[in-house]
Every structure is written in structure tokens, then in C-alpha cells.
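J.: Take a look at the letters that make up each chain.
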Amino acid sequence: MEKSAQPASMDNALSGTVTCPACGLLCDDLVVENTDGNIKVRQKGCAKSVTFFERPQQNPSPRIAGKTADLQSAIKKTAEILRNANQPLITGLGTEAHGMRAIMSLADRAGATLDHMNSNSTIRNTLVLQNSGWQVCTLTEVRNRVDLLVIVGTDIVSLFPRFFERHVWNEQSMFGQDTAAREVVYLGGRDIDTTPGISPKGVQPGILPCDIARLPEVVAALHALVSGKKLLAENIAGIATGDLQKLADRLLAAKYSVIAWSAAALDFPHAELTVQNITGLVVKLNNTTRSSGLPLGGNEGDISANQVSTWISGYPVRNSFMRTYPEYDPYHFATARQLDSNEADALLWVSSFNPERLPPSCKVPSVVIGHANMTLAAEPDVFIPVGTPGIDHKGTMFRSDNVVSLPLAKLRESTLASLSEVITAIENALKEQQAC
Amino acid sequence: MLIKLAGGTVYDPAHQVDGKVMDIYVRDGRIIARAHDGERIDREYDLRGKVVMAGAIDMHTHIGGGKVNIARMMMPEDHRGDPVAHSAFCRAGCGHAVPSTLTTGYRYAEMGYTAGFEPALLPTNARQAHLEMGDTPIIDKGGYAMLGSDDFFLRMLTAKQDQNAINDYVAWTLHASQAIGIKVVNPGGISAFKFNQRALDLDEQNVHYQVTPREILKALSRAVYELGVPHPLHVHGNNLGVPGNVETSLKTMGAVEGFPVHLTHIQFHSYGTEGDRKFSSGAAAIAEALNKHKNVSADVGQILFGQTVTASGDSMRQHANAVFGSPRKSVIMDIECDAGCGVVPFKYKDQNFVNALQWAIGLEIFLLADDPWRIFLTTDHPNGAPFTSYPHLIRLLMDKSFRNDMFAKLNLDAQAMSTLSSIDREYNLYEIAIMTRAGAARLVGLHDRGHLGVGAGADITVYTNNADREKMFAKPDYVFKDGELVVKDGQVVKVTWGHTHTVKPEFDRGIEKEIKKYFDTYHTMNMEHFKISSEEIAEGGRGGVVVHECKGRREKTA
Numbered sequence: 011m012e013k014s015a016q017p018a019s020m021d022n023a024l025s026g027t028v029t030c031p032a033c034g035l036l037c038d039d040l041v042v043e044n045t046d047g048n049i050k051v052r053q054k055g056c057a058k059s060v061t062f063f064e065r066p067q068q069n070p071s072p073r074i075a076g077k078t079a080d081l082q083s084a085i086k087k088t089a090e091i092l093r094n095a096n097q098p099l100i101t102g103l104g105t106e107a108h109g110m111r112a113i114m115s116l117a118d119r120a121g122a123t124l125d126h127m128n129s130n131s132t133i134r135n136t137l138v139l140q141n142s143g144w145q146v147c148t149l150t151e152v153r154n155r156v157d158l159l160v161i162v163g164t165d166i167v168s169l170f171p172r173f174f175e176r177h178v179w180n181e182q183s184m185f186g187q188d189t190a191a192r193e194v195v196y197l198g199g200r201d202i203d204t205t206p207g208i209s210p211k212g213v214q215p216g217i218l219p220c221d222i223a224r225l226p227e228v229v230a231a232l233h234a235l236v237s238g239k240k241l242l243a244e245n246i247a248g249i250a251t252g253d254l255q256k257l258a259d260r261l262l263a264a265k266y267s268v269i270a271w272s273a274a275a276l277d278f279p280h281a282e283l284t285v286q287n288i289t290g291l292v293v294k295l296n297n298t299t300r301s302s303g304l305p306l307g308g309n310e311g312d313i314s315a316n317q318v319s320t321w322i323s324g325y326p327v328r329n330s331f332m333r334t335y336p337e338y339d340p341y342h343f344a345t346a347r348q349l350d351s352n353e354a355d356a357l358l359w360v361s362s363f364n365p366e367r368l369p370p371s372c373k374v375p376s377v378v379i380g381h382a383n384m385t386l387a388a389e390p391d392v393f394i395p396v397g398t399p400g401i402d403h404k405g406t407m408f409r410s411d412n413v414v415s416l417p418l419a420k421l422r423e424s425t426l427a428s429l430s431e432v433i434t435a436i437e438n439a440l441k442e443q444q445a446c
Numbered sequence: 017m018l019i020k021l022a023g024g025t026v027y028d029p030a031h032q033v034d035g036k037v038m039d040i041y042v043r044d045g046r047i048i049a050r051a052h053d054g055e056r057i058d059r060e061y062d063l064r065g066k067v068v069m070a071g072a073i074d075m076h077t078h079i080g081g082g083k084v085n086i087a088r089m090m091m092p093e094d095h096r097g098d099p100v101a102h103s104a105f106c107r108a109g110c111g112h113a114v115p116s117t118l119t120t121g122y123r124y125a126e127m128g129y130t131a132g133f134e135p136a137l138l139p140t141n142a143r144q145a146h147l148e149m150g151d152t153p154i155i156d157k158g159g160y161a162m163l164g165s166d167d168f169f170l171r172m173l174t175a176k177q178d179q180n181a182i183n184d185y186v187a188w189t190l191h192a193s194q195a196i197g198i199k200v201v202n203p204g205g206i207s208a209f210k211f212n213q214r215a216l217d218l219d220e221q222n223v224h225y226q227v228t229p230r231e232i233l234k235a236l237s238r239a240v241y242e243l244g245v246p247h248p249l250h251v252h253g254n255n256l257g258v259p260g261n262v263e264t265s266l267k268t269m270g271a272v273e274g275f276p277v278h279l280t281h282i283q284f285h286s287y288g289t290e291g292d293r294k295f296s297s298g299a300a301a302i303a304e305a306l307n308k309h310k311n312v313s314a315d316v317g318q319i320l321f322g323q324t325v326t327a328s329g330d331s332m333r334q335h336a337n338a339v340f341g342s343p344r345k346s347v348i349m350d351i352e353c354d355a356g357c358g359v360v361p362f363k364y365k366d367q368n369f370v371n372a373l374q375w376a377i378g379l380e381i382f383l384l385a386d387d388p389w390r391i392f393l394t395t396d397h398p399n400g401a402p403f404t405s406y407p408h409l410i411r412l413l414m415d416k417s418f419r420n421d422m423f424a425k426l427n428l429d430a431q432a433m434s435t436l437s438s439i440d441r442e443y444n445l446y447e448i449a450i451m452t453r454a455g456a457a458r459l460v461g462l463h464d465r466g467h468l469g470v471g472a473g474a475d476i477t478v479y480t481n482n483a484d485r486e487k488m489f490a491k492p493d494y495v496f497k498d499g500e501l502v503v504k505d506g507q508v509v510k511v512t513w514g515h516t517h518t519v520k521p522e523f524d525r526g527i528e529k530e531i532k533k534y535f536d537t538y539h540t541m542n543m544e545h546f547k548i549s550s551e552e553i554a555e556g557g558r559g560g561v562v563v564h565e566c567k568g569r570r571e572k573t574a
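First to last, the sequence lines map onto chains E and C. In terms of the working numbering, the first sequence opens at residue 11 and continues consecutively. In terms of the working numbering, the second sequence opens at residue 17 and continues consecutively.
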């Protein structure tokens with residue numbers, strides 16, 4: 011866990027083409043400046059990247075039961091907690107690919123259950139992938155092909171601030187399209203910020219508002235209309251059926267439409283069925299023209315965690331190694347359920363990108379491995395601060411589109427260990443304890 | 017460390033050794049001629065009566081990268097049938113159609129395989145492919161970078177840029193994606209699908225670029241040859257799975273104008289339109305053409321019956337095939353104006369006319385192709401069947417009566433359309449060793465693998481000779497990887513990390529300026545981030561990058 015010597019140039023330096031892991035877009039064109047360990051975003055920033063990079067550098071010590079401890083003792087104590095648990099739960103999982111690799115290995119050894127802090131959202135998509143599949147595209151395709159963008163239930167920008175700048179209103183595109191003539195339609199949601207959808211020529215986006223909770227019927231109606239069905243109802247959740255018919259006609263006429271959603275925004279029961287209606291209508295459109303879905307995610311490393319978990323265990327989270335082989339159950343292995351039912355008897359919470367994402371309250375022994383700036387409401391049995399990937403150490407992160415992965419850079423000197431170093435050390439300590 | 021493998025019956029076709037009893041010495045991971053006088057032998061294995069071959073090499077297997085992981089994510093119901101618990105040496109995972117990465121490495125090794133090559137490494141997804149292969153233990157690996165539907169290359173063809181510029185771009189791609197070969201999938205077709213074309217024949221133009229698959233094949237096969245890349249252009253042809261595509265495949269062999277080319281999973285491209293159901297075997301014509309065109313090699317992509325999942329870069333054809341999926345689900349993707357993918361689960365059934373005939377067509381090709389150095393044993397894992405079915409496939413090739421027994425159980429209409437039962441050929445051990453070792457290594461360009469000569473990496477598999485070839489090849493007695501005993505009696509006893517094989521041909525780096533400008537204008541990632549470093553691949557002690565020699569640029573275009 012020793013830190014290798016770093017080039018002196020790392021301090022007080024301007025770095026270009028920095029990858030920002032603050033949201034799933036992973037914009038990799040940022041210019042940041044490091045002044046004595048504090049980072050400023052100089053170019054291509056957004057609200058989320060500024061918050062992420064500009065947190066003041068802190069260097070807290072590990073703690074055991076609230077008391078300052080050295081890292082080795084905190085690691086040993088964590089291993090003990092895992093060893094004494096029958097069904098430990100490793101959750102949060104706010105990390106990049108290398109951290110997740112280490113977690114998979116530890117989970118296998120500890121017989122742990124795995125969940126991600128964003129699983130309530132991501133599972134809405136996973137269930138669709140596993141039940142029917144889907145037809146989707148990646149961000150460069152959107153940037154160069156989209157002629158009609160339909161956004162379901164979100165403004166996108168509150169979660170992915172630079173989406174329009176980088177992927178819709180880009181001036182040049184590969185196939186000579188007049189990108190300023192692209193059409194944008196917001197379907198569903200209320201009080202969302204639709205101004206980024208105004209074209210560079212000043213053309214207003216289409217807005218068909220409805221309450222989020224009524225999106226299931228609106229999307230089902232659109233699916234039916236795209237399929238050529240006639241609806242008797244005059245309006246669906248306050249949207250005139252005629253307006254939906256017009257949207258269906260435009261989708262059928264478009265050369266390459268993209269229908270975007272963010273599972274996080276579809277916060278109502280059985281939202282997977284609405285996701286499936288979206289993807290179902292995309293499949294319908296592809297009978298005659300081209301269209302792709304665009305599920306937006308990847309925040310807090312949720313796509314990275316799922317990718318790594320899937321290639322190592324066969325399953326995305328929520329999964330478990332408690333029976334010595336991997337099992338998958340998106341309901342049973344949910345953090346809330348595991349804790350509420352007292353099935354989990356130890357909790358290990360990981361959040362290395364974001365100090366605001368705090369562990370759930372629990373009565374079982376708990377370990378928090380987190381961002382150095384984390385302020386915990388309740389003191390866990392062990393707290394271990396780790397470096398932030400993309401600032402304090404390198405990493406590899408998957409983008410929202412599940413295809414592109416990008417290197418995260420080390421931007422400053424840090425004495426904090428990386429998550430993968432800490433997790434590997436915990437696994438080694440556990441191995442020793444198990445051997446005793 | 018000096019090991020002596022004593023008295024085994026050796027099959028080493030690279031050195032024309034066909035069943036000769038001999039000793040093999042291994043010092044520090046490499047095969048040597050003999051021990052020094054008086055040198056202490058640390059370990060001796062008595063291999064009298066055993067069959068000894070180099071470790072097997074799978075030259076076409078989908079083991080890493082986006083579409084494979086989508087397939088994994090899509091198939092929890094399949095994984096549940098084959099859970100893999102952790103053991104003293106191995107970590108947990110899952111097996112069957114699309115095994116987890118760790119299980120993939122263990123199971124290949126347990127079958128005597130010591131290398132596998134991912135044939136569809138999308139340059140935009142290369143990092144993920146290498147991460148997954150990095151979590152695939154024991155075996156060596158490498159990838160073929162996919163070109164041919166990527167916008168940059170198609171623009172070059174539209175602009176009629178000279179071959180040297182194309183060669184530079186191909187070389188740049190090999191470097192950036194850390195690949196050992198170049199593959200083209202449905203040449204131009206993945207791109208055409210994005211412009212709403214639903215089929216693309218060899219001489220049909222992509223509507224946007226006004227470029228034909230023939231032009232793509234010609235430019236890429238020539239680039240690979242002129243760069244001196246050992247592995248010929250790896251071609252997944254147009255019209256995969258379409259009845260009548262045998263004509264496309266035959267024309268494709270000619271389209272490369274004599275440049276070396278490898279036609280992959282040729283079984284899926286060998287269909288005629290004869291008979292009541294307008295679906296027939298084109299195997300005889302394909303085998304005849306293969307026998308004639310010495311610049312052409314092929315792997316079969318045999319199908320075997322049961323559940324699997326097809327994962328391909330061919331979004332155009334997979335979109336068309338999605339209706340045949342079982343269970344009925346599919347993922348179709350347009351990727352980065354660079355490539356695409358399609359994942360469709362399949363259940364091949366012996367009572368289904370088409371599936372039964374596909375099975376027979378694959379075997380007909382194996383048995384009618386004369387030169388085992390130019391035909392390779394694959395199931396296009398997992399598309400035709402999981403790689404774990406190789407021992408069964410080897411028995412089908414080596415045992416005529418077993419093959420005919422299997423054939424007699426098939427759909428009767430399919431039997432009536434196949435000549436399989438009239439073919440008497442049985443592969444022998446030497447030919448199997450060519451297909452799965454010496455020939456595969458030569459084809460991929462691995463100079464120190466696939467043979468047992470002095471200087472070779474000591475990847476060695478030892479079998480008990482058994483008339484039941486399926487049993488024999490399923491469970492080797494010993495497997496050595498770089499001289500270390502990794503498998504004993506068909507079980508992993510030590511986990512190591514294999515190498516990643518690449519080529520790095522010379523090229524004019526001036527092209528990078530153009531590529532950078534292109535990335536800055538059109539892409540959503542920085543060009544520097546597109547490149548995979550060797551350090552990334554070796555991270556965590558997972559085995560390093562090996563660069564194989566390219567014979568240097570051959571004859572530049574004026």
C-alpha cells in the first residue's frame with residue numbers, strides 16, 4: 011500500500027482532457043487546475059463537475075468506534091466483522107471498475123451479498139434487459155445521428171448537465187446533418203427545465219407534460235399509436251390523444267429517432283413495465299425506420315459495478331455469494347430488505363465518489379469506506395477514508411451507454427489509499443483470520 | 017526449475033512429429049532440447065502411454081467485451097443451471113452458455129486449452145474487452161479489432177484515399193486497441209443498418225458512403241497483408257444465416273484478389289436454397305472452393321444442440337434473426353459510429369429441420385475440407401455452442417460410427433438433405449493437433465505457441481489415450497502453462513495469468529493528427545482515451561502484453 015513517488019509536476023498544474031466521473035456522461039474534455047491539492051475546474055465545467063472536483067482536500071484518519079486508528083487496525087477490525095458475520099452485506103458500491111474487481115473478490119471470500127446505492131433505479135432497466143432485451147445506442151451515435159429526440163419523464167440535465175451541449179446541439183456531425191434543426195420533445199414530468207431543449211435557432215422543444223406517476227399510461231398509449239392502433243380516449247393523463255398521435259407520426263417519419271429516459275426519474279412502482287413500453291415502441295419503430303432507446307445512468311459507478319459484477323459472477327447486482335456460488339435476486343438481495351428482515355448481520359458501505367451518499371441506518375456491525383469529506387450521522391464501527399477515483403488515484407469507469415469506458419486520472423498527491431488497495435488488504439486479513 | 021516429461025507419445029505437427037515417443041524438457045517455462053550434463057531435474061513426469069500435445073488454441077471465441085457481458089447479463093436463467101462454487105484454488109462464477117470470466121479461464125485450461133482469441137474487439141470497447149480478458153485466468157488471450165463499418169475508414173474509401181493511408185489507419189487501430197489481428201463483420205453492413213438498409217450483398221453500396229463490401233474487403237485484406245500482420249484479415253461475411261449465402265461466400269473468397277483471408281464461422285455462410293424448404297447445404301461447394309483457394313482459411317462455427325446465446329457484431333443480421341430467439345429476447349445496439357452488436361439467445365434443436373441441417377453442414381465442411389492447416393475447430397463460442405462442447409465435437413470428427421448414430425437421430429427431412437452419412441473420413445490425432453494447435457498458432461501468428469519445439473512457451477497438454485475421444489479430450493491428465501502445472505486430472509491445481517498477444521506494425525504516425533482532429537470534431541471521447549496502454553492490461557499482476565513480430569511493410573503503393 012505504499013505510495014510511489016509522483017512527478018513533481020502534479021502539484022500546481024493545469025491538466026487538460028480530464029475525465030469527469032461526476033455523472034454517467036463521463037465528459038473527458040475538462041481542463042482542471044491543481045493548486046496545492048485543491049482542484050479548480052477551469053474549462054468545460056458544469057454544476058456537477060465543479061462540486062465533484064472542487065471539494066477541499068481533506069485527509070482524515072480511519073476510525074474504530076469513533077476513535078482515531080491506524081489503517082492497519084481498521085482493516086483488521088473490518089476483516090473481523092466480516093469473519094464474524096454469517097451474511098454480510100456489501101452495498102453502496104460507489105466505485106469504478108478496479109475497486110469493484112477487488113470488491114467481487116472480497117465478496118466471494120466473505121460470502122457477502124452485493125447491492126448498489128442506485129439499484130432501485132438501475133434494476134428497472136436490468137429487468138427489461140433480462141425479460142425482453144432492447145434496442146439502444148451509444149452517445150456518439152446520438153451526437154451524429156439523432157433527428158428526433160424524445161425525452162421521457164426527465165429533463166436529463168439535472169442528472170446529466172452537459173447532455174445537450176455535447177450530444178444534441180453539437181455544431182458538426184458526421185453525416186452533414188443541420189444539427190440545429192434537430193427536434194426535441196419532452197414527454198411527461200412537471201416543472202422540469204426544458205430550456206436546454208431550445209435549439210440554437212431558438213426553436214422551442216415540444217412539451218407534453220403529465221405527472222410522473224401517469225407516465226405508464228402515456229407511454230403505453232404512445233406505444234399503441236406507433237403500432238397503428240386507434241385509441242378511443244380523447245386524452246391520456248391530460249395529454250390530448252391527437253398530440254400523442256402527432257408524436258407517433260413524427261417518430262414513424264424520423265430517420266433516426268432516439269428515445270431517452272433515466273430510470274432514476276421513473277420513480278413509481280413497477281416502472282420496469284414503463285421502460286419496457288418505451289423499448290417496445292423502439293422495437294416497433296425499427297420495423298420500418300431506425301430508432302434507438304437511450305437509457306441514461308452510470309452515476310456513482312452504477313454501470314461500472316454492474317459490468318464488473320456481471321463478468322465475474324455472471325450476474326449484475328443484486329447478487330450474493332452466501333452459498334459459495336453466485337446467486338441473483340433483484341428483490342431478495344435489496345439493501346433495505348436485507349437490513350429490515352435482519353438477514354444481513356454486517357454492513358459494509360462503499361461510496362468513494364460522493365461524500366453525500368451515506369449508509370442506511372442499521373443495527374448490525376457496520377463499516378463505512380468512504381470519501382474523505384464524508385460526515386456521518388451515526389458513527390459506524392469502522393470508518394476508512396479512501397481516495398477519490400479520478401482525483402487522488404487512477405481508475406477505469408464505464409459510461410452511461412454501457413459500452414465506452416474511460417481512464418480516470420490521478421490529479422494530485424494524496425496519502426489516502428485507493429478503495430481497491432483497502433479492499434484487497436481486508437481480503438488478505440480475512441484470509442489470514444480464516445486460516446487461523 | 018527443470019521438468020522432464022518422459023516417454024509420452026508426442027503429436028507436434030509444426031515439426032512433423034506424428035505420434036513419436038520422446039522426452040520433453042522444460043526449463044523456466046520454455047521448452048529446451050535437453051538438460052545440461054549433470055543438471056538436476058526438479059520434477060519428472062512418467063508419461064509412458066500418454067498422448068502429448070501443445071496446449072490447444074481457440075482462434076475464435078467470444079470471451080470478452082461488451083456483447084459477451086450483455087449476453088451474461090441477459091441470461092440469469094442459463095447461469096442458474098450451472099453455478100460454480102469457489103474451491104481451494106478457484107473463485108466462484110457460473111458456467112454453461114456464457115460463463116463468467118474466471119470460470120471461462122478455468123474451464124478452458126481444464127480442457128487442455130491454453131489460449132483463446134476474442135474475435136470481435138470493438139476499438140471503442142477494447143478497454144472493456146481487455147478488462148474481461150484480464151479477469152480470465154490461466155489462458156493466453158488476444159483480440160481482433162473490428163473495422164469495416166467504422167465511419168473513419170468508410171470515409172477514407174469514399175474519398176478514395178490511397179492504400180498507404182488505409183494501412184496507417186489499420187496499424188494505428190491495432191496499436192490503440194492492443195489487438196493481434198483485424199476483423200471485419202458484415203463488411204459495411206453494420207453501418208448500412210444505421211442508414212436503414214436491411215441487407216447488404218457483396219456488390220451492393222452502402223447508401224451513405226457509396227462503398228461496397230467488396231471494396232472494404234479488398235482494402236482491409238491488402239492492408240493487413242502489407243503491414244505484415246501474420247493473421248490474415250478475419251472475415252465474418254455478409255448475409256450471415258441467409259439461405260443462398262453460399263454464393264456470397266464463394267464470391268467473397270475471390271473478392272480479396274489473392275490476399276490472405278480467413279473466413280470465420282463458415283458454416284453460417286454455407287447455405288443454399290434447394291429443396292422444398294428452400295434451405296440446403298452448400299458445404300460441398302464451400303469445401304471445394306476452400307481446397308482450391310490456398311490464400312483462404314476458415315473456421316467452422318459448428319452448431320451443437322441445446323441452449324446457447326448468439327453474440328455478434330453483426331447488428332444488421334442479428335436484428336433480422338431476433339424473431340428466432342429462444343427465449344425470445346434480444347439486444348441490438350448501434351455503437352459509436354464505429355460498430356454495433358446484437359445478442360440473441362438461441363436453442364438449437366435436433367428435430368428442427370434448419371438446426372439439424374446446420375449441424376450436418378458444419379460437419380460436412382470439416383470432413384470435405386482437405387487441408388487441416390486451413391480449417392479450424394470452433395463453435396464460434398457461444399454462438400454455435402459453448403466451448404465446453406469441443407470434446408464432443410472432436411469425437412464427431414474422429415468417430416464415424418458415433419457421428420452416424422447422432423445423424424440418425426436428426427430431423428428426417430434434414431437427413432434427406434445431407435450427404436454426411438456417406439462421408440467416411442475420420443480425423444486422426446495428428447490432424448486434430450494441427451487444427452487446434454499448430455495450425456491455429458500459425459494462423460494467429462504466435463511464433464512460440466502451438467508447438468513443442470525448442471524455445472516454445474511450455475504450454476503442454478497430456479491426455480490418456482482413450483477410444484472415446486470425447487472422454488479423452490474432456491479431461492487431460494496434465495496441463496502445463498508456461499511450464500507450470502495448472503491442471504491435474506482435469507482439475508485446476510494452480511491459477512496463473514496468461515499473456516495478452518498483440519502486434520504493433522510500423523506505420524506513419526502522421527496519420528494521428530488527422531485522427532485527432534476527427535475525434536475532436538465528431539466523437540464523444542478524447543483520442544488519447546481511446547488508446548489502451550500496456551500498463552492498463554498488466555494491472556494487478558494479470559500478465560503482460562506480448563508483441564509479435566510483423567514481417568514489415570511489404571511493398572508500398574506508389
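Hints are computed from structural coordinates only; laboratory data are not their basis. Nothing here was measured: the structure is a model prediction, and the numbers come from that model. Where hints are given, some of them may not hold.
Unchecked claim - Per label pair, the in silico range of CB-to-CB distance:
1) E/Ile208 <-> C/Gly260: 46 to 54 Å
2) E/Glu64 <-> C/Glu522: 42 to 50 Å
3) E/Asn69 <-> C/Gln177: 51 to 59 Å
4) C/Lys294 <-> E/Gly248: 50 to 58 Å
5) E/Arg93 <-> C/Glu530: 30 to 38 Å
6) C/Asp536 <-> E/Glu43: 34 to 42 Å
7) E/Cys446 <-> C/Glu60: 32 to 40 Å
8) C/Lys529 <-> E/Thr61: 34 to 42 Å
Virtual Cβ for every residue (Gly too), placed ideally from N, Cα, C.
J.: Determine for every hint whether it applies to the structure shown.
T.: Hint check results:
1. E/Ile208 <-> C/Gly260: 46 to 54 Å: Roughly 51 Å apart at Cβ, these two residues keep to the hinted range, so it holds.
2. E/Glu64 <-> C/Glu522: 42 to 50 Å: 45 Å, holds
3. E/Asn69 <-> C/Gln177: 51 to 59 Å: Since E/Asn69 and C/Gln177 have Cβ atoms about 54 Å apart, the given range 51 to 59 Å holds.
4. C/Lys294 <-> E/Gly248: 50 to 58 Å: Between C/Lys294 and E/Gly248, where Cβ atoms are some 52 Å apart, the hint holds.
5. E/Arg93 <-> C/Glu530: 30 to 38 Å: 57 Å, violated
6. C/Asp536 <-> E/Glu43: 34 to 42 Å: Since the Cβ atoms of C/Asp536 and E/Glu43 sit about 21 Å apart, the hinted range of 34 to 42 Å is violated.
7. E/Cys446 <-> C/Glu60: 32 to 40 Å: The hinted range 32 to 40 Å holds for E/Cys446 and C/Glu60, with Cβ atoms some 37 Å apart.
8. C/Lys529 <-> E/Thr61: 34 to 42 Å: Check passed, 36 Å falls within 34 to 42 Å.
Consistency with the previously given hints fails for numbers 5 and 6, ordered from lowest to highest.
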